[in-house]
Amino acid sequence: MQRHLNCCGWHGPADFAYTNDPIDESCYETVVRSNSGIWPRGRDAVDFGEDFGGGGGAGGGVAGGGVAGPTVPTKKMKEEGCGDSLVGWFRSNKLVWASVLASLFALQAMAVGIAIYILARVKRLRKLRSVTAFLEYFF
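So our numbering is basically just the index in the sequence shown, starting at one, shifted up by 17.
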């Protein structure tokens with residue numbers, strides 16, 4: 018969910034401040050410095066390869082306009098919490114979650130109805146067997 022909503026924690030990364038639990042990878046975004054010195058975020062990040070001598074990325078190498086020396090992608094923690102994003106998702110997708118809840122309610126009601134029918138049938142069969150056993154005993 019954090020990856021889909023692009024957030025971290027319910028209120029933000031401070032939710033993990035006083036726990037020993039590891040912070041999930043979805044709370045981080047990879048940041049790589051571009052040729053201009055600006056740090057692009059997320060999907061706009063450029064992969065310059067392991068060494069700038071060639072390899073992969075756009076504008077790799079010093080001759081190609083790259084920065085001299087290797088760049089190390091760093092991870093930056095996402096600052097936005099998931100609470101507001103999730104509430105917004107629920108508000109914008111009322112039809113979806115209301116349909117899912119209605120379907121689950123209908124499925125539960127059918128299961129209860131089938132269970133009541135089976136219990137009534139078992140009770141009737143036990144009663145029939147006891148009457149049959151009673152009749153066989155005396156006749």
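Keep in mind that the hints were calculated from the coordinates and are not lab data. A portion of the hints provided could be inaccurate.
Unchecked claim - Pairwise CB distance ranges, derived in the manner of DEER restraints:
hint : residue 1 : residue 2 : range
1    : Val-104   : Lys-144   : 50 to 60 Å
2    : Glu-96    : Tyr-134   : 50 to 60 Å
3    : Val-117   : Arg-141   : 33 to 43 Å
4    : Ala-128   : Asp-41    : 57 to 67 Å
5    : Lys-140   : Ile-40    : 51 to 61 Å
6    : Ser-109   : Asn-37    : 48 to 58 Å
7    : His-28    : Arg-108   : 17 to 27 Å
8    : Glu-42    : Ser-109   : 24 to 34 Å
9    : Arg-20    : Ala-123   : 28 to 38 Å
10   : Ile-40    : Gln-125   : 29 to 39 Å
11   : Arg-138   : Gly-100   : 43 to 53 Å
12   : Trp-114   : Arg-146   : 40 to 50 Å
13   : Leu-121   : Lys-144   : 46 to 56 Å
All C-beta atoms in this analysis are idealised placements derived from N, C-alpha and C, irrespective of residue type, glycine included.
Violated hints, by number in ascending order, as checked against the structure: 4, 6 and 13
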